[in-house]
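**Student:** The chain contents come next:
2 protein chains.
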Amino acid sequence: MLYQQRDHKWVYLFTEGRTEMKALLGGKGANVAEMTQAGLPVPPGFTITTEACNAYTQYENQFPEGMWSQAQTALAQVEADTGKQFGGNQNPLLVSVRSGAAISMPGMMDTVLNLGLNDETVEGLAQFTENRRFALDAYRRFIAMFGNIVMKVPHEKFSRALERFKLQTDSGRDTDLGEDHLDELINVYKRIIFTDRHGDEFPQDPFEQLRMAIAAVFDSWNTRRAVEYRRIHRIPDDLGTAVNVQVMVFGNMGWGSGTGVAFTRNPSNGDKEVFGEYLLNAQGEDVVAGLRTPKSIHEMVNELPESYQQLMGIIQRLEAHYRDMQDIEFTIEQGKLWILQTRTGKRTGAAAVTIAVDMVDEGVIDRETAVLRVEANQLDQLLHPTIDPDADATVVATGLPASPGAATGIVVLTPDDALVYSEQGHPIILVRHETSPDDFHGMAVAEAILTARGGMTSHAAVVARGMGTPCIVGADAIQISEEEGYFYTKEHKVRRGDWITIDGSTGSVLLGQVATKQPELGDHYLTLMGWADGMRQLGVRANADTGHDASVARNFGAEGIGLCRTEHMFFGDDRLAIMREMILAEDLAARQVALEKLLPIQRHDFLEIFKAMDGLPVTIRLLDPPLHEFLPNFEELQVELYELKLKTQQADTFAKIDQLLHQIWEKEQLLHRVEQLREANPMLGHRGCRLGLLYPEVTEMQTRAVMEAACEAQAQNIAVQPEIMIPLVSAETELRHQRAVVERVAEAVLGTYGMKLDYHIGTMIELPRAALMADRIAEHADFFSFGTNDLTQTTFGLSRDDSGRFLSHYVTEKLLTDDPFQVLDQNGVGQLVQLGVERGRQTKPALKVGICGEHGGEPRSIAFCQEVGLNYVSCSPYRVPIARLAAAQAALRQQKSA
Amino acid sequence: MLYQQRDHKWVYLFTEGRTEMKALLGGKGANVAEMTQAGLPVPPGFTITTEACNAYTQYENQFPEGMWSQAQTALAQVEADTGKQFGGNQNPLLVSVRSGAAISMPGMMDTVLNLGLNDETVEGLAQFTENRRFALDAYRRFIAMFGNIVMKVPHEKFSRALERFKLQTDSGRDTDLGEDHLDELINVYKRIIFTDRHGDEFPQDPFEQLRMAIAAVFDSWNTRRAVEYRRIHRIPDDLGTAVNVQVMVFGNMGWGSGTGVAFTRNPSNGDKEVFGEYLLNAQGEDVVAGLRTPKSIHEMVNELPESYQQLMGIIQRLEAHYRDMQDIEFTIEQGKLWILQTRTGKRTGAAAVTIAVDMVDEGVIDRETAVLRVEANQLDQLLHPTIDPDADATVVATGLPASPGAATGIVVLTPDDALVYSEQGHPIILVRHETSPDDFHGMAVAEAILTARGGMTSHAAVVARGMGTPCIVGADAIQISEEEGYFYTKEHKVRRGDWITIDGSTGSVLLGQVATKQPELGDHYLTLMGWADGMRQLGVRANADTGHDASVARNFGAEGIGLCRTEHMFFGDDRLAIMREMILAEDLAARQVALEKLLPIQRHDFLEIFKAMDGLPVTIRLLDPPLHEFLPNFEELQVELYELKLKTQQADTFAKIDQLLHQIWEKEQLLHRVEQLREANPMLGHRGCRLGLLYPEVTEMQTRAVMEAACEAQAQNIAVQPEIMIPLVSAETELRHQRAVVERVAEAVLGTYGMKLDYHIGTMIELPRAALMADRIAEHADFFSFGTNDLTQTTFGLSRDDSGRFLSHYVTEKLLTDDPFQVLDQNGVGQLVQLGVERGRQTKPALKVGICGEHGGEPRSIAFCQEVGLNYVSCSPYRVPIARLAAAQAALRQQKSA
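Protein chains in written order, with our numbering: chain A, 8 to 905; chain B, 8 to 905.
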């Protein structure tokens, strides 16, 4: 058995490892070895293999035979390389002990720093660094870290002791602890370990420290949280972790030492210039703590010219080697430059685009790599105005960044006020407790929307993203008093008419008019998107309900409208009244009268959209929501009714009473009808094609509006491709019925106009049964469009409106890896999508299949759409560029894996 | 081509056909041929084949070559056999022309009677029958029938003309029309045809009549409704229909003629005695019309002794031939007995059981056939009290027969009154507009329940069926005035305390105390059920929430409890208060206090159930509904609040105002909490295991109650098999989490009691995602139980509570063949069930899988459960016998088809 093979190689010096040995050495071990082999000045060390970890786990937590002696041999080599001695009391060798699995598990496993310190070596370090306080501080940190991670003493015991000591200083900061304090604290820490471990001492022998630390890292592979993490991310349990033992270097050994970070290019704008900061005589954590202001990397040319030149050379080599912008940590210990880490540097969306395109121009990477390298979601930053980073701003409250972009305007608290003020020419920001479809007219004219309640998928959030309007939701510090005309937080009171600024990209609500910057879609962006369009297979359409939205979408590169929701057209003030008339109609004749009034309105809307999309397909979904969404709220009516009754009691003239009684009567009639239409579960109620089946005249009117608009557009030489979409089908009979109605009316309209034009009739697949019956449904469908919002709701049995109460708990507790309304649930809902596509195409091999719904603009979901062979995705206009890029990436990745 | 093969045999005399030629001759043709071949006196005739129909359809609606001449030849043979002449003006031969497909399509296709009549033959018939009025009446009926069915003149035109003539008679009945009237009416009918057909005359030539009638029957194969019917029932379009031309015989040719029906056994109670009625000198329709009272078949022995003896012989032969009770139509034309039709006789449930068991004893059929022969749903009649058929009764109103059985009691209009009166010892009937969970305490003590609103799956219906309480819902003629204490219809007013009787099997509401009969489950029943139990593979369990229900279920043969809904236990008055305390708790500690109070209550309930089910498994589902179901209704609270405010305005002392203000404050607190818990779509909201995940203490309390009750039962030597079921799981992580909580508490309880006992932990599969992920979910489940109610709701995206508005339209319009909440939708929902079973058993081959939900007691759904290999079904106690029989039938049918 491997465990007993004393001669098996368990330990690799950094000089021995190779980058291909990632499975054996872990990611970090292979990376450090690669840098070492490349001749970079990396602090020496060695890696204990993942095999050793597995052997340890399998054989009762015993090191495998020969491992420990190989580790000691490697350590001796490191001593020889550095001239330092492990456990020596002059210039002692200190090491870090870190885990490093083949697949990164960030934060899951453990690290021990400064290992090798004990009561003797700490004095050696003090002498060598000429800084006893530093040495003592390092020692007490090491004891606490070792005590906690290796010896499992609760972390709080150390931090509470530290707190007590800090109270003895003037400032209450641990940086003010003197040497005396630290000496005493070290003793206290040792006693804490002794007591907690019932007599086990903190080990003074550095080799014992090392042995225990290695075992602890091995053990950390099987902590509950690590096991859980692997289960969730489907990482096999038998990979094991490697252990890296590396020499510690110190940037705080005087003014010939220092530490810093450097980016090979500017991470903000992507300019090709080294960008970074450093501090002399400091450790990494000093840079982070911000107590001293670091200097620009280029000042090093004066202070440490040799190290600077060496660093610049290394920076160039690293970027060339990794063919990507690098984020490099370095330390200079007494004039000697050490590279501690290099990794792909984080960058803004703008920088990502610029760097990717530049690197293609420089011949460093090819176009495919460039397209893959920009995170699609990052494009969002390029498409919306942003807060000027140089502006001063006071944050009033913070909420969820529901729809990106920055906007400035005056506060209004009702949709009606929004209309009034915006008609007067004011930019307005609508602030609501939460929004409902009734608020739509106010939302449509707002520069931005802010709500106190709701989540990322609340009504406000969805509508705002659809319109590209910046939006913050769930800003729960805000209390709104609509009657009094203000909102307030603990510290601020903002009145109707006051200026505020919304940063929908971060969720910050700012006081006053804060300067914003318009996005610039430069040449780099256009170049990259051009490449992406050439590489993708998925079409990209937009969800848009108005001519304006359609224009915006087309400018962003949409190749058609994938979802035009006709119900949104009815929420305007005048329109809502007619819609209510239609719904409240007592009989067919009365309903027809109202429908006749709606016809020209819808026709006009469709004509605008056809004009905007000249030559591109437009998918129009027939009326979908339950009718009561257009009626006043039941509870509000009840309240109004009771208020009328109260008034009647107080009224003092017969005339007044008479008038009030009449109002009561009217209100009661309305209340009665609203009650009739109310539903226990409207999401599962009388909506979608179920409306058209009971009221075919609605389907008829909408079809007439679409086809008449199409004919009028064609008469104006506009190329139209209308696609009429029947929602919420669960049985093929429903589609057959509605298709017949649509065809009859469409042919009649074409006959009247004496025109021919291609139109298609298809359906949403948004119920599990529709996916299961897709073979039969396809018999009557020219196209499918997956409505993954509703499909997610029904597949999970989960109402999007109600899930806020527990879904965040689910994601936090890893019961679900993602909110399934944001990222398509490929495991469950995805099965139904795949099945629906396969069965639909069984019946009609050339069936056109798309996805509308929020997932159509989400990169991971788009990758899934590519895998299952959809024809297109459709998303809100502002996500069109993201979808284009994500679609290209999905196609490239699929090619790769094929 | 077949069409042109003049020599092909298109026509078969009844004497030529064979019973195996059903595809060619249709069901009716083959049947008549079979009787003819068996030597029974069947009126002669011939059948034109389905091939001829197909040839006709394919070749431009032309009779295939040779068909017409073959038909004429066959007709000549019939003339020879009968001595009558087609078109003769003495003793004319009249025929019926009927469709007859291989697969019965009842009511879909057409029939023409008395064909051969014209202005001349009608006089021949008059002379021959010595009844000119009869002959004229037959003629005018024939013209109208021919005019409508063959010549497509709208039926209303004839009936309107008839109406006008009837106004001229004294009684307004068509039987009072004299010969003069009829002569004139015949002319009017002819003119109607002439006008409507723009000059086409009603054809006087009998051969032309026959040719046209045959073509019309062929055409009826392709009417829209027939095509639709075939599409829905998946009958191929290319089967075609045969046409049967048969001699008409008349029972009204004097006192030596007659007509009647005979059952080979008593269809009411199954006694082995011929049962029937006849009328001399009459036609079939006279028996139906009820103008003369028919005599018992056995009186024929005196009036027509020869025919009687012949008939009795034939009856015996037919039953022996078909090995089942027959319903036989016969006519005696001038002393000659003709058998017109024999078919399997309809019978009551009791008769079905008796006949089936008797026939086994007689050696006529085997036990398997006996078990297959009783329609499972018919057992329902045996299990519930019924209205005494001899009792007089006045029907007040009629509704949907939601839960079978008859009951008598005094009317109460509120659940509280129900409690009060029943505690005083009165049998009560609860009459409500509709019911809600709040009414449960009143429903539980009611003899029967009557609601004015709701459908077959409304709250009242479901709860009543579960309890076996007779129930009528949707009796919409009823208006209820709760305050005034009565309900009324147009004609009746029934006060609180008045007696009424409910027939839940028919939906009739009767005035007063109408006598009812208790069901008798005799030896025949027990014998049959014994056979069935020996043949079935599916286990049968019951859904029961109380010890009493469990006992009832066990008496009906339940082999365990498949679903114990723990939430029903909280609806008692005292319990609801504690439940509300739990829900309204501000924090964990307060919630724990309330849970501690609920613990002993639940424990007691479970103990009762364990006692009743001693030795059998009991599946207990943890809390499932959203919490707000236990709280007062939001709107009602709002109303109460406003009423308090009105009162405050009217109050005249400070003390009163103070008191009212305090009440308002309390009500507002409650309203606030109720509002917090309200959901847009509660069915898809915070319920099921989602409750236990956020409030594990609820899961803990319920587990403790189950396990403590189990331990206490075991201490009393009761054998317990608790199965704890986690509801509404959509991801395996949910089940893993809840399973861990249950296991921890269960082990702790067992430790405390120092006991061992087998318990299992499983889950409902009631969401599409659960079925899709069943392989992973099975890792943490000892068993699955399909909750097909919720699975149907989510798969269809259809709320059971809201679907009433349109689902009946769907079924009427054949958009769906059945209400999917009554009969499991095998096409859609069934796919998920099958998938769930397969994937669950992929992971655990021996996984026990059942179904709870209403479908578990529905025979067609049970057949599906057998097909997909479930272990058991679970249904309400009163449906257990039905499920046992249906399960046996499903097993037998599966064996047969294998």
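Be aware that a few hints might be false.
Same chains, same names: a pair is fine if it fits in one copy or spans any two.
Unchecked claim - Within a straight-line C-alpha distance of at most 20 Å, the following computed EDC-like cross-link-like pairs (lysine to aspartate or glutamate) qualify:
no.	residue 1	residue 2
1	K353	D331
2	K674	E647
3	K524	D387
4	K821	E786
5	K279	D212
6	K604	E588
Hints were generated in silico from the structure; no laboratory data involved.
**Student:** Among all the numbered hints in the text so far, which are the ones the structure does not match?
**Tutor:** 5
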